[in-house]
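Student: Turn these sequences into a full structure, and let the hints guide you.
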Amino acid sequence: MEEVREQEVAQVQEREIGMQQKHRQHIYKNIEKLIRITDYNVIMTETVRRGLLSPVMRRNIEVLQFMGQYQNEEEVQLDRSRKYFEKITKRGPTAYAELKAILRSLKYIEALRILEEIDPPNNEFVSLSRAHSNKSTDIVDNRVSEPPDDQPSVSRKIVLHNDADGPLKPFVGELSGQNRQVIKSTRIHTDNVLGAYTMKSKHNRGVLFIVNIIDFPDPGKKRNGADIDSESLIHIFREIGFTTFYYKNLNQTEFFKTLHELTNSDYVRDTECFVMVLMTHGERIEEVDKVIFSDNSVINVKTIINHFQPGSCPHLLHKPKVLIFPFCRGETPDHGKYLTHSLNMRMTSLRIQTDGMPFDNVPTLSDILVCYATMPGFQTHRDPDEGSWYIQKFCDTMAEHAHDTSLEDILKKTQALVGNMRTRHGHLQMGAYDNLGFNKKLYFNPGFTD
Numbered sequence: 001m002e003e004v005r006e007q008e009v010a011q012v013q014e015r016e017i018g019m020q021q022k023h024r025q026h027i028y029k030n031i032e033k034l035i036r037i038t039d040y041n042v043i044m045t046e047t048v049r050r051g052l053l054s055p056v057m058r059r060n061i062e063v064l065q066f067m068g069q070y071q072n073e074e075e076v077q078l079d080r081s082r083k084y085f086e087k088i089t090k091r092g093p094t095a096y097a098e099l100k101a102i103l104r105s106l107k108y109i110e111a112l113r114i115l116e117e118i119d120p121p122n123n124e125f126v127s128l129s130r131a132h133s134n135k136s137t138d139i140v141d142n143r144v145s146e147p148p149d150d151q152p153s154v155s156r157k158i159v160l161h162n163d164a165d166g167p168l169k170p171f172v173g174e175l176s177g178q179n180r181q182v183i184k185s186t187r188i189h190t191d192n193v194l195g196a197y198t199m200k201s202k203h204n205r206g207v208l209f210i211v212n213i214i215d216f217p218d219p220g221k222k223r224n225g226a227d228i229d230s231e232s233l234i235h236i237f238r239e240i241g242f243t244t245f246y247y248k249n250l251n252q253t254e255f256f257k258t259l260h261e262l263t264n265s266d267y268v269r270d271t272e273c274f275v276m277v278l279m280t281h282g283e284r285i286e287e288v289d290k291v292i293f294s295d296n297s298v299i300n301v302k303t304i305i306n307h308f309q310p311g312s313c314p315h316l317l318h319k320p321k322v323l324i325f326p327f328c329r330g331e332t333p334d335h336g337k338y339l340t341h342s343l344n345m346r347m348t349s350l351r352i353q354t355d356g357m358p359f360d361n362v363p364t365l366s367d368i369l370v371c372y373a374t375m376p377g378f379q380t381h382r383d384p385d386e387g388s389w390y391i392q393k394f395c396d397t398m399a400e401h402a403h404d405t406s407l408e409d410i411l412k413k414t415q416a417l418v419g420n421m422r423t424r425h426g427h428l429q430m431g432a433y434d435n436l437g438f439n440k441k442l443y444f445n446p447g448f449t450d
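Numbering (UniProt numbering) for the sequence shown: 1 to 450.
If you're looking for bench data, these hints aren't it; they were derived computationally from the structure.
Please note that a few of the clues may not be correct.
Pairs of lysine-lysine, DSSO-like flavour, derived with a Cα cap of 27 Å [claimed, not checked]:
no., residue 1, residue 2
1, 319, 290
2, 412, 184
3, 169, 87
Tutor: Here it is in structure tokens:
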């Protein structure tokens with residue numbers, strides 16, 4: 001009898017050209033919950049980007065013929081959201097799975113959980129537990145890495161970026177699919193013991209300089225999914241009030257030309273903080289960290305850091321400078337260590353002093369925080385669909401804690417989150433940072449000015 005019932009169900013599903021009836025009914029049953037736990041503009045933008053709905057369909061949903069019936073903008077958005085989910089039920093047999101993928105990518109976990117109630121755990125769809133499994137495709141950012149055989153070679157096209165040969169001007173392109181909400185500060189934070197860097201300007205809070213090198217002469221070195229990190233960083237720092245300069249695929253000459261021009265510009269002269277993120281392949285040779293540019297040229301990371309000495313970068317004297325290098329620092333995967341018993345270790349740090357006479361009252365390098373996505377000698381990991389572990393967790397932590405937490409504590413939280421992740425091969429990653437005379441607390445104070 002049970003076999004007959006299963007055959008009848010299968011026959012019904014075969015006759016359903018559109019969305020399966022059980023899926024359609026489940027959406028309608030939970031539609032009021034779904035529209036209240038998702039943001040219409042965010043989910044619609046991502047749905048159009050993925051092609052599940054067209055721009056024309058979006059316009060049709062947003063054309064409201066009887067505006068008088070709505071009391072306020074909230075009612076308008078709720079009605080649009082309701083029409084959105086109703087439209088999804090008419091978009092074919094794969095629309096339910098595609099909607100779940102959209103919710104997963106936007107981290108609408110509660111909405112995703114509702115949709116997964118209707119499907120058994122062993123079906124063909126990705127389950128909620130898999131969505132949160134902390135496991136990732138094993139792609140690393142060293143010069144010899146290649147995409148896995150089962151991953152397509154895709155690099156999302158973000159909106160336009162700055163031209164290295166053009167005039168120096170802020171990047172103002174629109175972003176899509178960014179749903180992180182940066183919590184705003186209610187006051188300017190400081191520290192009674194260490195003090196805090198000045199971060200209270202409305203128009204000159206900070207400058208963000210992003211260089212993302214994705215394409216190399218060897219197609220096998222293409223950094224798939226790296227665009228996602230750029231979009232995430234730009235979104236977060238825009239919310240904080242930073243002015244952004246964004247470049248892609250620079251060679252070494254273009255990089256240093258742009259860096260010199262920017263750090264000697266009025267933008268940096270007037271700013272309170274400078275953040276640079278260089279995303280590319282990296283390597284470590286004879287205990288020296290190196291980066292690779294789009295022309296395959298290689299340079300020591302130390303050379304880049306030395307640019308921020310007072311002599312070559314006077315506009316940033318006594319200002320916080322944050323340099324983020326989220327690339328490999330070697331080719332060794334971190335397998336971790338398995339502890340079988342309680343282990344307590346005490347490490348003593350020896351400070352060596354020199355007796356040389358001071359030659360200047362300004363340190364060679366000061367007020368610099370250098371952030372690495374991994375420890376020396378080890379690889380970093382990047383998911384082609386979700387972005388790199390380090391940058392994505394950093395953006396998550398910034399959105400949630402930048403309103404009342406100092407940058408160094410944000411980095412510690414980021415490192416802890418990344419340390420809990422594993423690749424499909426069981427490899428892990430642990431970030432690190434170097435403090436070069438970064439002697440005050442840095443609070444970003446998003447949304448608050450003095």
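Student: All hints, please: hold or fail.
Tutor: Now for the hints, and whether the structure bears them out:
1. 319 with 290: This hinted pair holds, its Cα atoms lying about 26 Å apart.
2. 412 with 184: 21 Å, holds
3. 169 with 87: Distance of about 41 Å is beyond 27 Å: violated.
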